[in-house]
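Chains as they are written, first to last, in our numbering: chain V, 1 to 412; chain G, 1 to 412.
Just so you know, these hints were derived from the structure itself, not from any lab. It is possible that some hints are incorrect.
What the hints assert, rightly or not - Listed next, the stretches of chain V that the computed footprint assigns to chain G, with coverage defined by at least 3 CB atoms under 8 Å from CB atoms of chain G: (1) 5-13; (2) 38-44; (3) 78-86; (4) 89-99; (5) 208-214; (6) 318-325; (7) 350-361.
Glycine included, C-beta positions come from ideal geometry on N, C-alpha and C.
Protein chains: 2
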Amino acid sequence: MGNELPRSPLAPVQLEQLAPIAGVTLAVAETGMKYKGRPDLLLCLFDEGTSVAGVFTRSKAPSAPVDWCRKHLNSGSARALLVNAGNANAFTGRHGERAVQSCAKALGRVVGCSPEAVFLASTGVIGEVLLTEPIVSCLEELADKADQEPWADAATAIMTTDTFAKTAHASARIGGKKVRINGIVKGSGMIAPDMATMLGFLFTDADIAPDVLQAVLSSAIETTFNATTVDSDTSTSDTVMAFATGRAGNERIASVHDDGLRGFQRAVTKVCRELSHLVVRDGEGASKFIAIDVRGAENDGAARRIGFSIANSPLVKTAIAGEDANWGRVVMAVGKSGEAADRDKLSIWIGGIKVASRGAVDKNYAENQVVPHMRGQEIDIRVDVGVGKGRAVVWTCDLTHGYISINADYRS
Amino acid sequence: MGNELPRSPLAPVQLEQLAPIAGVTLAVAETGMKYKGRPDLLLCLFDEGTSVAGVFTRSKAPSAPVDWCRKHLNSGSARALLVNAGNANAFTGRHGERAVQSCAKALGRVVGCSPEAVFLASTGVIGEVLLTEPIVSCLEELADKADQEPWADAATAIMTTDTFAKTAHASARIGGKKVRINGIVKGSGMIAPDMATMLGFLFTDADIAPDVLQAVLSSAIETTFNATTVDSDTSTSDTVMAFATGRAGNERIASVHDDGLRGFQRAVTKVCRELSHLVVRDGEGASKFIAIDVRGAENDGAARRIGFSIANSPLVKTAIAGEDANWGRVVMAVGKSGEAADRDKLSIWIGGIKVASRGAVDKNYAENQVVPHMRGQEIDIRVDVGVGKGRAVVWTCDLTHGYISINADYRS
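In isolation and in its complexed conformation, chain V is listed as follows (with noise of 0.2 Å):
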């Protein structure tokens, strides 16, 4: 798995260099569970007093951390996260409650703190018992030499199937004060709406309630981590938590309405967009990159469904693949959402070349038009469904053969 597989085409030339947030020490392990000769367990740590948000999958059958973290995250404030790689613990009935339970007081024990204040997440196989001894028996050696460094090998040690790991970073001011923020995030099948197989994390040394925090994570997830897919599948284990630990020294936010956040709200928005980019450019197999921008449907609602329908459906992706301007696959699309649409007044871009307009094809286009952009590796597809105002945009990556040879052999 993972370390096997060839780079992504699509990856960043070179890995974003974190630099440290006040208050946030981290390090990373090798266990040995599943893999070999990497990390694969996170410990991050935090300062009293640092704020906490998170937003989870809507599976119906969530793994047994994310119920923990659900449950623990009304007390708003944390002093350490721990993740694994290989085994996602969940659909392992009372012995994931019990793993996790066990993980939690091991580390509050190491920590000094309540395990209500430890988070978790793992990331891996479905249904297999995680055996806690191999990782409880690492928090000592991990709390010990913690620092404020290796972000590199953070984003590292919480990859599965990805094959380059993946950071951002953003500034914000808050009332003359400088905020930053780090993400990491891993993730590149199981991908879609609602917190595919994806956990991302960030951290902000910005002094904020834990509330107000929650708003602006959910908000920027909206448009970012939500508007992004690769196959469709929602996993399990889905997570985006956020945590600010306060020692930037910035007036303290306390509310929604205060105007220091827009700056900051803008900054989330910006890591959160570069990291599930990130995700979508590790896709399974993927060989292009699709942004789908939807305009003119009843409302921004619909229009996201649009394009979740475009992104989502198979024969556009094997088009892109294919490096064919197929804008039919496009209107079935667009028809088979379930969204109002004029037919005769539908418009379609590829690359920014007219294809189709008001229900035909565009009289002044011809084919060859857009093989030059069909051929890159960053493809641009918009259209205006004719009947009102709403817009969105939402990525995706193209359906390769790389896709099914990395998932029909996932386990064996």
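Got chain V sorted already, so can you dock chain G onto it with the hints?
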């Protein structure tokens, strides 16, 4: 296309031969518009007094022939059906409407009926203008040579990417009189509920009022065509129509409460089930036929949506292609359906072997138990979601390299 692809490994050993239906004559032609050396145009002629019913795509961008058929179905009577393969006449704007009108008028003249008694269906590429001259010029010859025999030719003439011709038949008794039903269908990709790229036609000698025929057909489709999926894509052209000539001599069925209807309904459902399964067996690149039986859901609709969530999951479909009994992906797909399910009561059987019970792997399950089943061509998955009495069965096929190969090069 079509002819060049190897026959699906899931195809029946031989074509089900169809006997004549009194009141129906058929003829096929090669227009040469898209395919060479094979028929691509089908004409069916019906005796006066033939009842007609139809169910069409729910696409918001339906093809011109679908618009035409919907509009003229109200009359309830049909004299002719004309089907062409290779060009869907979809998303062709006013050209499309005009093409439909001129074909219907020309055929009306040849047959001696009003254009409104002529029904049309087209399948193939979307967005290319349909030239009517090659079709219209064949009509006289087709009408002259039409006879009761060439059912196999009819099933062949409507194929596009199909790798084998598809027929089914059944009979029933209505008040002591035997009535017969023949069916033909085409479709192999863009197959999902609500009538994907699929054209199906049923022909019977039963004497039955159009509104009753419509009720029988709509009911049959619910648990057959609308319970199958290949790739979740729904086409702009999906059509299932039924024609009843009334030549069997049974007492005319004029009400849905007629006792004589029960056997006829069963027979129509059987033909629809067989035809819909043949389409799945010809799913693009399919190597496994998969039945998914969902029980214990809140209601039948919820069971069906859970079934489709499993059936359309690329991760489930690729796991089955890889002969991997990856029930964790089934859990994931149940979870993402959004329907009520009790994770801690969820049970899963594969090939009759219980693999998961009460929210965890079954304690008696060993992976090698299901290996022989996974190696076979017929895969059975049963899921009990533990919340109610809703039940549904849906059918699909696996997702293989073959699907990618076929669809990444469709037009090139």
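Cross-check of the supplied hints:
{"no.": "1", "hint": "5-13", "result": "violated (count 0)"}
{"no.": "2", "hint": "38-44", "result": "violated (count 0)"}
{"no.": "3", "hint": "78-86", "result": "violated (count 0)"}
{"no.": "4", "hint": "89-99", "result": "holds (count 7)"}
{"no.": "5", "hint": "208-214", "result": "violated (count 0)"}
{"no.": "6", "hint": "318-325", "result": "holds (count 5)"}
{"no.": "7", "hint": "350-361", "result": "holds (count 5)"}
In this structure, the hints that do not hold are numbers 1, 2, 3 and 5, in rising order.
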